[in-house]
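Q: Sequence:
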Amino acid sequence: MERDSLSQQKAQLDKAEREHLEDIVTEMRDRVEDNVRFQLTQQGLDDEPDDTDALDEETSSLVEAIELEAVDGHSWDDGFEQYITSVGYTIVNRLAALRCMEVRNFIDEEVTVFKENGLTPAAETLVHEEFLLEDEAIIEAYHNACDRLAGEIEILFDGDSAYSQVDPDDDTFEELCEMLDSVPDEVWRADDVLGWVYEYYNVKLLDDLRRKGDREGLDPEDVPPANQFYTPHWVVRMLTDNSLGKLYLEHTGELQDVVESQEAFSPDERKNRPLSPDESPDIADFCTYLVPSEEEGEPTDFEHPEELRVIDPACGSGHFLLYAFDVLERIWRAETD
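Numbering (our numbering), first residue to last: 81 to 417.
Do not rely on the hints blindly, as some may be mistaken.
The calculated label-pair distances, taken between Cβ atoms and stated as ranges, are [unchecked claim]:
| id | residue 1 | residue 2 | range |
| --- | --- | --- | --- |
| 1 | 384 | 343 | 47 to 55 Å |
| 2 | 308 | 241 | 19 to 27 Å |
| 3 | 228 | 294 | 26 to 34 Å |
With a Cα cut of at most 30 Å, we get these calculated DSSO-like pairs of lysine-lysine [stated by the list, open to error]:
| id | residue 1 | residue 2 |
| --- | --- | --- |
| 4 | 95 | 351 |
| 5 | 351 | 195 |
| 6 | 351 | 90 |
| 7 | 292 | 95 |
| 8 | 292 | 90 |
| 9 | 90 | 195 |
FYI, nobody ran anything at the bench for these hints, they're computed from the structure. C-beta atoms are modelled at their ideal positions from N, C-alpha and C, and glycine is treated no differently.
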């Protein structure tokens, strides 16, 4: 995998990048779910066990996890397939998140990048310093990275979750990482890449729900996943610029002048503004999706930026919150310098 300059960071992916990412995520999903299904079938869990008392601790734990998926009248087969999907998504999401951190140099030794010797840098350290076998070291390095990150991002990296009980085998793990390699580093640096990973992993589910809805109608539990979509970045910017950004510009008395100055912007000029606070330190330079207000209200008065609060009651992957942070950072700098 070639390392690009850290300066090549983008806020949103273009159409070609999204289509390529969708192909890779779909391929990863198929590969990891096939492997998880194979491992569970090898343990005899493709059919519900007759005598759970005779099972060992590991298999009993897997049975409990599958049973939790087979609630509300669903069959063992339904729970089995749902568990496979959830484990697969957890693995793909973790690997994608780790790759995002690696290309930003947030992780000292990579766990998803294989060298010519067949090891990841983190695994190579375990082989030399802890004398682990090479195959053991690769997955152990992955576990170690997840354990370190679980303290800050437990919802994704929690090693005690039911979806952490099955790892991809060694060959599958390497194949998944090779699929990550086919996506350029600048894509993994994009602000919205993990949201698109989520969206594309669930494309098959959404297609199935649409067909079910057309054929027989949706059950109540189908409604939430059928309506979960990743919000495109331009929509996030449009809504946040015209709420949080506009609130601040009304506060400073600059709103009308800024809106008028942006009227001549082309769509590309609005989209491709500098990301770094050093390059676009002002809200007027950063919030380029402003539209005129139909009626001017009284400006919101506040003494300090820490009084501002952003609430997203259906935050999903936090896309609005991530962008709102960038806006709040500029407000903070402007008001506290």
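Q: Are the hints correct? Go through all of them and say.
A: Evaluated hints:
1. 384 x 343: 47 to 55 Å: Once the Cβ atoms are compared, 32 Å apart, the range 47 to 55 Å for residue 343 and residue 384 is violated.
2. 308 x 241: 19 to 27 Å: holds, 20 Å
3. 228 x 294: 26 to 34 Å: violated, 46 Å
4. 95 x 351: holds, 14 Å
5. 351 x 195: With Cα atoms ~37 Å apart, residue 351 and residue 195 exceed 30 Å; violated.
6. 351 x 90: holds, 10 Å
7. 292 x 95: Roughly 29 Å between the alpha carbons, so the hint for residue 292 and residue 95 holds.
8. 292 x 90: violated, 37 Å
9. 90 x 195: Judged against 30 Å, a Cα distance of about 27 Å means the pair holds.
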